[in-house]
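Protein chains in written order, with my numbering: chain A, 5 to 177; chain P, -8 to 445.
Where hints are given, some of them may not hold.
Said to hold, decoys possible - With a straight-line Cα cutoff of 16 Å, these simulated EDC-like cross-link-like pairs (lysine to aspartate or glutamate) come out:
id: 1; chain 1: A; residue 1: K128; chain 2: P; residue 2: D14
id: 2; chain 1: P; residue 1: K440; chain 2: A; residue 2: E44
id: 3; chain 1: P; residue 1: K420; chain 2: P; residue 2: D151
Claimed, not checked - Here's a subset of chain A near chain P, in silico, CB distances under 8 Å, partners left out:
id: 4; residue: L12
id: 5; residue: F36
id: 6; residue: L41
id: 7; residue: S121
id: 8; residue: L123
Since the hints were derived computationally from the structure, they do not count as laboratory data.
Every residue, glycine too, gets a C-beta built ideally from N, C-alpha and C.
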Amino acid sequence: MDKAVLGLFTYADELLDAAKKLEGSGYDITIFSPIPLGHEIEHKLGPRKNHIKYFTFIGSVAGLFFGLLLTLGTAAMYVIPRGGRPIWSITPTLLMSYETTILIGVMFTLMSFLFFSKLPSFSKKIYDPRINVDYFGLLIDGNLRGRYDEVERILRDHGANEIKRVEETEYNS
Amino acid sequence: MAPHHMSDNQTGDVISYKEVNDDVVRTMTETGKWYYIALAGAFSGFLAFWILPWAYQIYKGQGVSGLNTPDFWGIYLTNFVFWIGISHSGTLLSAILFITKTPWRRSIYRSAEAMTFFSVATAAVFIFVHMGRPWNFYWTMPYPNQRQLWLNFQSPLMFDVFAISTYATSSMIFLYFGSIPDLAAVRDRVTGWRKQVYSALALGWRGTDSEWHWLFKAYTFFAVFIIPLAVSVHSIVSWDFALSKVPGLAKTIFAPYFVVGAIYSGSAGIVTLMIIFRKAMKIEKYITLNHFDKLGMLLLVMSLLWSYINVIEVFTGWYANTSAENETLVYRMFTTPYAYMFWLMIVTNTLLPLLFIFKKCRTSILACLVVSLGINVGMWLERYLILTTSLPRKFLPYMWHDYIPSWVEISMTLGSFCFFAMLFLLFVKLWPSVSIYEVKEDIGIPMRKGGGHH
């Protein structure tokens, strides 16, 4: 398998310039950062999609119906007559459904986050522990045969502090 | 790497990203002897003041407490409401400040959220203590069973079960998912058993743009869910009382009264805890006087709101002018010993926080400590008064009976503070208690071409 190239930067703007240049030339890139760069990346490389909202919505609606089913179903199956009071009472039904809406909405959001971010993942992946301190990383992956020099030149031109060729099996942490 | 220039950020003299990692990991790995003394103290207090009396109560029966006709809701439920109230600031405040992108949230929110989770846990245990037969707890859970019984969802106690378990679950998820990048940062620094533990907890986080992207999308939704949830939880706790017909409890203002009271006591709890925490962990440069200034303003606002609602509560009772309401008011406000508690509460919760009008007081650690402790004493008394001056004075005078807590109840109250302290002490050693990546955001993104801030 081809080795990938990992460039480490001190400055976020230099990293983003390099990322834009390389993405423009058709390379597969991954940005690593110690802090969220959401705004800066969207500004530079275009907006990202947010699929999680659909799952949150579906989860909330499912939670609402679960709550309704649980409360109304219980009341219907185990009837407790109390002088003239309704068996299906609106207020408690809404209260219970309110809580289950939130609970199952949160659960669906959680699941969709794990699904989209591909976590948890404990297999060996390319990484450098300095990224979690104060370095920004730019990983160029995919078919790089014969193009290493070009990639490394672009990284160097944009001010990368360190450039290395890495393999997935060389995970060091 | 080159130092980042500081400008309008919240933290004091933090210079570089690396320093943040160093400081936070230091709070977890370097442990002084005072930490062990405090932990041992809290743990033995928890055993001696809570577990043993509770075992005694389970063995002898609920009769060893002061609970008797007509007041079956004494200190246990006072503590339950108190701890649920304390829980209301951490996660709620963190979520609100996250949505509104308030910069001073960043270095305090992690420990505030932990405070939420631990105080919900403490409160939940009081339900078990109060229950008399705690082993029958599973009767409150809906599942197909041979008893041919399902829950009565029209009882406010059932609302509680659902609201509090939803709140505890969501707060835990909020706390954990906000910490994943920091757990990864810790993973990269430690060795031995810690390495194993944090590798598992960090879920293989690498800090890629897609991980950050999805984390923040999910985190925003968690925050959006948490805000109405927290409001609903304390409203529901208030309905445990307000849906009754007892004079002094059956008030429509109870839901906002409890929510405001909860945020008030919770914020005071944060102030007290932060003062101890920053001193003990030597992280004064992360939790600065500026934080106390902002929290002081919040306390002042909550104090005014709480006082207003308290006046309204007394006013509506007086205005109703029924003999039962009047009796409850006189009993609460002008009868020994409750009068002392009531007027002490007014002093600590209404008058004392007025000091925070002055910036000098908001930025004085001593003033913050005194006022925040005072507020929490007052808020505990408020819950105590709600429970012990209403039920003993119900409609029929022949049923009247004063509630006097027994040593078992008082001991368990002390024990709950030890339990909370123990959980928090364990937390600061096992979890990055200051958010590493968000303090870094505060320092600013390092840019070659100037303009390091958003």
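The hints, checked one at a time:
{"no.": "1", "hint": "A:K128 with P:D14", "in the structure": "violated, 29 Å"}
{"no.": "2", "hint": "P:K440 with A:E44", "in the structure": "holds, 14 Å"}
{"no.": "3", "hint": "P:K420 with P:D151", "in the structure": "violated, 32 Å"}
{"no.": "4", "hint": "L12", "in the structure": "violated, 11 Å"}
{"no.": "5", "hint": "F36", "in the structure": "holds, 5 Å"}
{"no.": "6", "hint": "L41", "in the structure": "holds, 7 Å"}
{"no.": "7", "hint": "S121", "in the structure": "holds, 4 Å"}
{"no.": "8", "hint": "L123", "in the structure": "holds, 4 Å"}
Consistency note: the structure conflicts with the earlier hints numbered 1, 3 and 4.
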